[in-house]
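**Q** Based on the provided sequences and hints, a complete structural model is requested.
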Amino acid sequence: NAGVTQTPKFQVLKTGQSMTLQCAQDMNHNSMYWYRQDPGMGLRLIYYSASEGTTDKGEVPNGYNVSRLNKREFSLRLESAAPSQTSVYFCASSPRSPSTDTQYFGPGTRLTVL
Amino acid sequence: AQSVTQLDSQVPVFEEAPVELRCNYSSSVSVYLFWYVQYPNQGLQLLLKYLSGSTLVKGINGFEAEFNKSQTSFHLRKPSVHISDTAEYFCAVSDQGNYKLTFGKGTLLTVNP
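Chains as they are written, first to last, in the working numbering: chain A, 1 to 114; chain B, 1 to 113.
No wet-lab data here; the hints were simulated from the structure.
Each hint should be verified, as a subset may be incorrect.
Computed cross-link-like contacts, DSSO-like style, restricted to lysine-lysine with a CA-CA straight-line distance of at most 30 Å [what the hints assert, rightly or not]: (1) A/K14 <-> A/K57; (2) B/K58 <-> B/K105; (3) A/K57 <-> A/K71; (4) B/K49 <-> B/K105; (5) B/K69 <-> B/K58; (6) B/K49 <-> A/K9; (7) B/K69 <-> B/K100; (8) B/K105 <-> A/K14; (9) A/K9 <-> A/K57; (10) A/K9 <-> B/K105; (11) A/K57 <-> B/K105; (12) B/K49 <-> B/K69; (13) B/K58 <-> B/K100; (14) B/K100 <-> A/K71; (15) B/K100 <-> A/K9; (16) A/K71 <-> B/K69; (17) B/K58 <-> A/K57; (18) B/K49 <-> A/K71; (19) B/K100 <-> B/K49; (20) B/K69 <-> B/K105; (21) A/K9 <-> A/K71.
Some residues of chain B that are not near chain A, with every Cβ distance over 12 Å (derived) [unchecked claim]: (22) A17; (23) P18; (24) N24; (25) V31; (26) Q42; (27) S54; (28) I83; (29) S84; (30) D85; (31) V111.
All C-beta atoms in this analysis are idealised placements derived from N, C-alpha and C, irrespective of residue type, glycine included.
**A** The following block contains the structure:
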């Protein structure tokens, strides 16, 4: 039981390049999330998926797109990376309700945009 | 709209000393409250959560927190800390029907020998 896995662990991009961050969970959870963590800012929600086939914007969605490929996988895409997107990205999942359920986090992807 | 304020960005303590990490929230409706811990270079994991019932909540690793509705606080405490408790601690709030968990900015707890 691996929990929540993320790939890659580290990535360096040049401004304007694109990339996709992958996330998968093996806990049969319905809800999945993408957050970014910046120093002194806590975690901010980028996108959220309540179930397979549905996605919703979070607090900071600009510059990102997501795909809930199936129940297990939730990917985050940067179409044209900008230095402001340098951050640590965390994927998380929860059984169902984001209000009351514990969220389980992956180990993170550290992204640098030059 | 809900928000969370963690009053201390850094808390240095000596090993075996007690510690309190402070968290205040604002929300117009009934809330659910969480504390998560992040060890260096890892993701977050749940320490404890308050959904309803007893206002004193016990979590993992000897931590506990008390929900105080009148003071809109959810402070985290541990009577005796260990070096291994060195980590960043995040308070978070949500409410019924809300898809979003709002996190505070975090408190870095450093336990010194």
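**Q** State for each hint whether it applies.
**A** Cross-check of the supplied hints:
| no. | hint | result |
| --- | --- | --- |
| 1 | A/K14 <-> A/K57 | holds (25 Å) |
| 2 | B/K58 <-> B/K105 | holds (22 Å) |
| 3 | A/K57 <-> A/K71 | holds (18 Å) |
| 4 | B/K49 <-> B/K105 | holds (18 Å) |
| 5 | B/K69 <-> B/K58 | holds (17 Å) |
| 6 | B/K49 <-> A/K9 | holds (29 Å) |
| 7 | B/K69 <-> B/K100 | holds (21 Å) |
| 8 | B/K105 <-> A/K14 | holds (28 Å) |
| 9 | A/K9 <-> A/K57 | holds (24 Å) |
| 10 | A/K9 <-> B/K105 | holds (23 Å) |
| 11 | A/K57 <-> B/K105 | holds (21 Å) |
| 12 | B/K49 <-> B/K69 | holds (15 Å) |
| 13 | B/K58 <-> B/K100 | holds (24 Å) |
| 14 | B/K100 <-> A/K71 | holds (20 Å) |
| 15 | B/K100 <-> A/K9 | holds (25 Å) |
| 16 | A/K71 <-> B/K69 | violated (37 Å) |
| 17 | B/K58 <-> A/K57 | violated (33 Å) |
| 18 | B/K49 <-> A/K71 | holds (26 Å) |
| 19 | B/K100 <-> B/K49 | holds (15 Å) |
| 20 | B/K69 <-> B/K105 | holds (21 Å) |
| 21 | A/K9 <-> A/K71 | holds (22 Å) |
| 22 | A17 | holds (25 Å) |
| 23 | P18 | holds (25 Å) |
| 24 | N24 | holds (14 Å) |
| 25 | V31 | violated (9 Å) |
| 26 | Q42 | violated (6 Å) |
| 27 | S54 | holds (16 Å) |
| 28 | I83 | holds (22 Å) |
| 29 | S84 | holds (19 Å) |
| 30 | D85 | holds (19 Å) |
| 31 | V111 | holds (21 Å) |
Hint violations for this structure: numbers 16, 17, 25, 26, all remaining hints satisfied.
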